[in-house]
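**Student:** The residues making up each chain are set out below.
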Amino acid sequence: MNFQSKVILSFIFGTIAGRYVKASNEVDLLIQMLLALLLFLIGVDSGYSISYKDVVSGLKTGLLSLMSAVAGSFAAGVLFFPMLGKLSIASALGLGWYTFSSSFLASQMGSMGGVIGFVTNLSREIFGMITIPSLSRKFSCGALVSMAGSPSSDTLLPFIYKQCGSSFLVPSIAQGVLTTFVVPLLQTAAISAL
Amino acid sequence: MESLNFILLILISLSIGFSVGILIKRRGIEAEKLKKPAMRMLEATVLLLVFFVGLQSSSGLERSEAVLSIFLSILLGISSALVSAIFWELTLNRRR
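Line by line, the protein sequences are chains A and B. For the first sequence, the numbering used here begins at 912 and goes up steadily by one. For the second sequence, the numbering used here begins at 267 and goes up steadily by one.
Fair warning: there could be bad hints in the mix.
[As the list claims (entries may be wrong)] Restricting the straight-line Cα-Cα distance to at most 25 Å, the calculated cross-link-like pairs of lysine-lysine (DSS-like) are:
1) K299/B with K1073/A
2) K917/A with K302/B
3) K302/B with K1073/A
4) K1073/A with K917/A
5) K1073/A with K1049/A
6) K917/A with K1049/A
7) K291/B with K1073/A
8) K291/B with K301/B
9) K291/B with K917/A
These are computed hints drawn from the structure, not numbers from a lab.
Modelling step: build the complete structure from the supplied sequences, incorporating the hints.
**Tutor:** Spelled out as structure tokens, the structure:
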């Protein structure tokens, strides 16, 4: 069984388990601890194989992929505007950061805003988890980082790393860190402008 | 504040790992032997992570009743990911 099938099965088992077991705060903590472990392992490999030159060129690529992610998400939001209204643009500009988007949009637009913000951004992340291994044959690594959006520095980093190697670690992390500052501004702008 | 702590946790884990990687390189330790078990550990961690994200999302969505909005939101999430990738391929990738 290949890695992609294992990932899909893990997600299906997790979803089935979620029907019977209520996710508590401990699950959040566990996810954070697993992420920390993942990033430690990835850090060891990158420290072993990345040079100073890679870091400098990676930052530029990270900024460009963020611009592409913002433009692409905005375009998708405009496409869904007739069906979801201004929530479509605001939630698409969450760039996959579902924890922030759901709570921010719930506070600004009510419970429906929270649900749409959560589902839109979570589905972006899950879509990335499931399809990055297969889409890597069609798209370049820069496009994969751009597609991942905010999770490029955490949950989707191992997937990008597996397909693109250590040379795309810095752009992925740079984009993920930059989205932390950009997403609140973009969502605030989307809500107040429309 | 919570997300700031989370980002700090990520950066600290990565920095410690990065330092360990540099240390291995500088001391000339043969890392090829460690690569296979490390990759297995990485894969196992990814699978566990995906399992818990699935668990968290399905138990979180039980409360929602807006089926159409959820369906449209899923499409929106997928579209925004794909359009971002296509945007990169059509514009930035050609310029590079």
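**Student:** Among all the numbered hints in the text so far, which are the ones the structure does not match?
**Tutor:** Violated hint (a single one): 9; every other hint is consistent with the structure.
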